[in-house]
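So the sequence lines, in the order shown, correspond to chains A and B. Counting from 1, one number per residue, gives the positions in the first sequence under the working numbering. Counting from 1001, one number per residue, gives the positions in the second sequence under the working numbering.
Hints were generated in silico from the structure; no laboratory data involved. Just so you know, these numbers come straight off a predicted model, no measurement behind them. Wrong hints could be hidden among the right ones.
[Unchecked claim] Distance condition first, Cα-Cα at most 30 Å in a straight line; then the derived DSSO-like pairs of lysine-lysine: (1) B:LYS1338 x A:LYS129; (2) B:LYS1372 x A:LYS11; (3) B:LYS1129 x A:LYS129; (4) B:LYS1307 x B:LYS1352.
[As the list claims (entries may be wrong)] If we take Cβ atoms under 7 Å as the criterion, some of the chain B residues that face chain A in the derived model are: (5) TYR1006; (6) PHE1029; (7) THR1224.
Beta carbons: idealized from backbone N, C-alpha and C, even for Gly.
Number of protein chains: 2
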Amino acid sequence: MRNFNYYAPTKVFFGRKEEEKLGEILESFKIKKVLLHYGRSSIKKSGLYDTVIAQLKAKNIDFVELGGVDANPKLSLVLKGVEIAKREKVDLILAVGGGSVIDSSKLIAVGAMVDFSPWKFSIKEETPKAHIPVGAILTISAAGSDMSDSCVITNDETGKKRGFSSEQNRCLFSILDPELTFTVSKFQTGCGIVDIMMHTLERYFSDSDESILTDSIAIGLLRTVIVAGKRAIEDPYDYNARAELMWANSLSHNGLTACGREYVMSVHQMEHEISGMYPEIAHGAGLGAIWPQWAMVAYKTQIERFKRFAYEVMCVEKTNDEIKDVEAGIQAFKKYIKDIGMPTSLSELGVKENTLEDLAYNAMFKGKRILKDIITVDYDMALKILKDSF
Amino acid sequence: MRNFNYYAPTKVFFGRKEEEKLGEILESFKIKKVLLHYGRSSIKKSGLYDTVIAQLKAKNIDFVELGGVDANPKLSLVLKGVEIAKREKVDLILAVGGGSVIDSSKLIAVGAMVDFSPWKFSIKEETPKAHIPVGAILTISAAGSDMSDSCVITNDETGKKRGFSSEQNRCLFSILDPELTFTVSKFQTGCGIVDIMMHTLERYFSDSDESILTDSIAIGLLRTVIVAGKRAIEDPYDYNARAELMWANSLSHNGLTACGREYVMSVHQMEHEISGMYPEIAHGAGLGAIWPQWAMVAYKTQIERFKRFAYEVMCVEKTNDEIKDVEAGIQAFKKYIKDIGMPTSLSELGVKENTLEDLAYNAMFKGKRILKDIITVDYDMALKILKDSF
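The shape of chain A in the complex, shown without the other chains:
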């Protein structure tokens, strides 16, 4: 087992109607003024916006608002948020929405403490040292940003999508009410299922080191998502299924499934280029279309781990042919994502064939890096995986 740090200090309030404790929670942290940050109209339609406002007013907490966060959140809106946060001297950013809103809030939170563009954090030219606290009310189970230390933003001038990890990116608190995800569409639920699984799969497969406990947690989490995901797609109002997905969303990306393990996310890196260039493509959908082809190349280096995935997560029946079983596991995953209504190829997603080379090149930071998980993903390998996924 490798040495590791684990630090997941977010205070989680999980369950039905927990958002009705918002006022109380803010009060416990002595918050006087918040920047309420959200997406488009969905939280107004669902009534969540009204609940939040009522909670703020009941406790006399002052607030300013900034809506308009899109999927693949944009730097331009972050800069607007930074300006408001500084001018209004808010003492918390309240993110009400999904991973995009939370990530946008996180970059505002560190950006408000410096006098340069927070994009420098995204491209790792600067390291954040302080932040305004961020509190989240999550409305979709997917990115795990509510407990993670990561923040992914797209520079809408250049089309570059960049993520960085930092302790400064941990939310102060997170309110997770599975009922808030009842109205998430089947497609978006599917994208979330794939995203959650990928956060765990990429950690599970990024290292050959033994880690019995971490591996058990990863396998259990993956199996949970397979089971609960299917149920949530079939019945969007299945509370327990939504709850399992929501908690899996948080644990998949809070560090727990990487304890004692090396952690390189090649598939995530490749996908970031895709949804950077094609902002209409949902991150989870992109991941699901690529991973099986990465896996078909990578499994030979990690037969034992892929066997466990096949048998314990995808419930492939054992035969005498291990290789066949492992490939059946990967294909079963592909079938699962198709069954829950997700695209299984980049062409289906609208990626143009003549951009594959650029995507591979960009994933290598224009020749400046090579990704190493259990295989080496250089430009040629990235291009092969993208072509196989087309």
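Add chain B to chain A, keeping to what the hints say.
Quick look at chain B alone, frame taken from chain A:
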């Protein structure tokens, strides 16, 4: 799934030689003066004491010392610690040792902020609102106190052992170096194995509600301890086995395995009376001697959960007789604790038969409470379990 809060903010530094970062870590938290709290001679023999002192001196961190914590830590020493912490105005309690030292530190940490005896926190007459930060360097995998919110202390005047949970009991940081546990005796390693399993078993069996993810984590953790425990007993210098036990120690009691579940620890409550009355009895040893008899009474209310325990944790082979399999699972656990050298009865532990009634009566707080997990443990039931365990 039930509503829950999850809050485990301890910063974990895990792995080989992480204690050599102590100075750096204290500096990062701007600590100027610590109360160094420890047990008897073992940290001096092992050289850990010298490492700690060297780290403090290298960063010019001032310190005062209080050694002498025993297994089943005593209120009298806590009161001495409170007095020192107040007088010397320390800004961190540095616990170097096992769960006893950490628990003693935790009560000093809350006691130093009030002008009454912190025993009032233990008996839940008062609720702590503030604490001096506690940092831990763990030397035995067992109690999970390094990440837990609980603190158990024995009042050496009355023989009462009482635990309480509070956010104020969370350590600021925890240094977990599995190598520090190489020299833990087989018997103490065994006690730790049982304690870790019990923290998880009591949560797993305390509620009939479905919780797929939490259950998977619990089952994975239990299986990890079974496997790694055996290896650590056979070869105390097996780093990976010691590492799995150490991380399981933390996760078993930090709240993770109770998420979405009710949580009543009847067996722990009964054992606290035993090691309260017989301070020479190790907590883990007491637990191991009682649990199987609780399980033999309780399994009928929870056949499915006990089946999973039998098949997935104890690896019992499936037959056509579920009841037989479940009982085989419980007996396999009993055999496991015997195999790792632990006593399997209260008489072996030195409990006197004529004290069983008092023990049962005390576990009910002299008639003032009844424990409800998946069965109701009242005085008669507690006495039956204790007699069966004798």
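Quick rundown of the hints versus the structure:
no.	hint	verdict
1	B:LYS1338 x A:LYS129	violated (52 Å)
2	B:LYS1372 x A:LYS11	holds (28 Å)
3	B:LYS1129 x A:LYS129	holds (29 Å)
4	B:LYS1307 x B:LYS1352	violated (34 Å)
5	TYR1006	holds (4 Å)
6	PHE1029	violated (13 Å)
7	THR1224	holds (4 Å)
Of the hints listed earlier, those the structure fails to meet are numbers 1, 4, 6, in rising order.
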